[in-house]
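Count along the sequence shown from 1, add 767, and you get the number used in the numbering used here.
Treat the hints as calculated values from the structure; they're not laboratory data.
From a predicted model like this one, the values you see are computed outputs, not experimental measurements.
A virtual CB, placed ideally from N, CA and C, is assigned to each residue, including glycine.
One or more hints might be untrue.
[Claimed, not checked] Simulated restraints on C-beta separations: (1) A795 x Y825: 24 to 34 Å; (2) G845 x R897: 46 to 56 Å; (3) R897 x A846: 39 to 49 Å; (4) T803 x A904: 45 to 55 Å; (5) A890 x A800: 31 to 41 Å; (6) D828 x A896: 41 to 51 Å; (7) C841 x R808: 45 to 55 Å; (8) H816 x K898: 52 to 62 Å; (9) V812 x R852: 23 to 33 Å; (10) F844 x K898: 45 to 55 Å.
[Stated by the list, open to error] Using 25 Å as the maximum straight-line C-alpha spacing, the simulated SDA-like pairs for lysine to any residue come out as follows: (11) K879 x N859; (12) K872 x N833; (13) K879 x A904; (14) K872 x E908; (15) K819 x K891; (16) K879 x G911; (17) K875 x I910; (18) K902 x V915; (19) K902 x L913; (20) K880 x R897; (21) K819 x A800; (22) K872 x Y858; (23) K879 x H827; (24) K879 x H814; (25) K880 x G837; (26) K880 x L834; (27) K891 x K875; (28) K872 x T894; (29) K865 x L920; (30) K819 x P774; (31) K831 x L860; (32) K902 x L888; (33) K880 x P921; (34) K872 x E818; (35) K819 x R852.
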Amino acid sequence: VKKDSKPDRYIAIRVTRHQQLLFDDGNAVRYYAIVTNHEGRGEDVIHWHREKAGTVEYVHDVTKNNLGAGIMPCGRFGANAAWYRLCLLTYNLLSAFKQIGLPEKLHKARPKKLRFRLLCLGAKIATHARKTMLKVAAAVESIGELLVLRSHLPRLLHSG
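Modelling step: build the complete structure from the supplied sequences, incorporating the hints.
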């Protein structure tokens with residue numbers, strides 16, 4: 768444990784069921800725990816935690832169906848774990864690109880759309896009169912988005 772790090776905060780939630788289940792397990796009360804280092808009222812932390820409930824399923828869907836985590840490369844556990852970590856790293860980088868460097872209309876774009884709009888552009892490197900140019904075969908809108916993304920890269924590199 769680092770010297771200056773804050774200890775984790777533990778919040779316990781007790782939920783009493785008001786309706787019977789078809790396949791009841793005999794427990795009328797369920798207990799849940801949240802471990803966090805967020806400050807603030809416990810009620811606010813619980814509300815923040817519950818807001819995230821759908822985001823995990825979205826991340827799983829995108830990594831599995833768009834970034835290659837649905838099919839593992841081999842039968843070795845370590846290699847598959849590294850592959851999944853690489854998929855999650857790619858997801859995190861794309862999320863950071865969307866939030867920091869892209870226009871509002873692309874913030875919810877899936878990786879396939881980003882790939883075709885920004886990453887898979889046909890281009891040719893040309894030199895003339897001591898200048899090197901990149902001739903991009905794409906719509907002006909895509910080139911503009913690419914330039915905006917490029918201008919935000921230093922901000923992305925230095926963000927926490």
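Cross-check of the supplied hints:
| no. | hint | in the structure |
| --- | --- | --- |
| 1 | A795 x Y825: 24 to 34 Å | 32 Å, holds |
| 2 | G845 x R897: 46 to 56 Å | 50 Å, holds |
| 3 | R897 x A846: 39 to 49 Å | 47 Å, holds |
| 4 | T803 x A904: 45 to 55 Å | 48 Å, holds |
| 5 | A890 x A800: 31 to 41 Å | 51 Å, violated |
| 6 | D828 x A896: 41 to 51 Å | 50 Å, holds |
| 7 | C841 x R808: 45 to 55 Å | 48 Å, holds |
| 8 | H816 x K898: 52 to 62 Å | 54 Å, holds |
| 9 | V812 x R852: 23 to 33 Å | 28 Å, holds |
| 10 | F844 x K898: 45 to 55 Å | 51 Å, holds |
| 11 | K879 x N859 | 15 Å, holds |
| 12 | K872 x N833 | 19 Å, holds |
| 13 | K879 x A904 | 19 Å, holds |
| 14 | K872 x E908 | 12 Å, holds |
| 15 | K819 x K891 | 43 Å, violated |
| 16 | K879 x G911 | 19 Å, holds |
| 17 | K875 x I910 | 19 Å, holds |
| 18 | K902 x V915 | 17 Å, holds |
| 19 | K902 x L913 | 13 Å, holds |
| 20 | K880 x R897 | 36 Å, violated |
| 21 | K819 x A800 | 15 Å, holds |
| 22 | K872 x Y858 | 18 Å, holds |
| 23 | K879 x H827 | 15 Å, holds |
| 24 | K879 x H814 | 32 Å, violated |
| 25 | K880 x G837 | 19 Å, holds |
| 26 | K880 x L834 | 12 Å, holds |
| 27 | K891 x K875 | 30 Å, violated |
| 28 | K872 x T894 | 34 Å, violated |
| 29 | K865 x L920 | 11 Å, holds |
| 30 | K819 x P774 | 22 Å, holds |
| 31 | K831 x L860 | 16 Å, holds |
| 32 | K902 x L888 | 10 Å, holds |
| 33 | K880 x P921 | 24 Å, holds |
| 34 | K872 x E818 | 22 Å, holds |
| 35 | K819 x R852 | 21 Å, holds |
Consistency note: the structure conflicts with the earlier hints numbered 5, 15, 20, 24, 27, 28.
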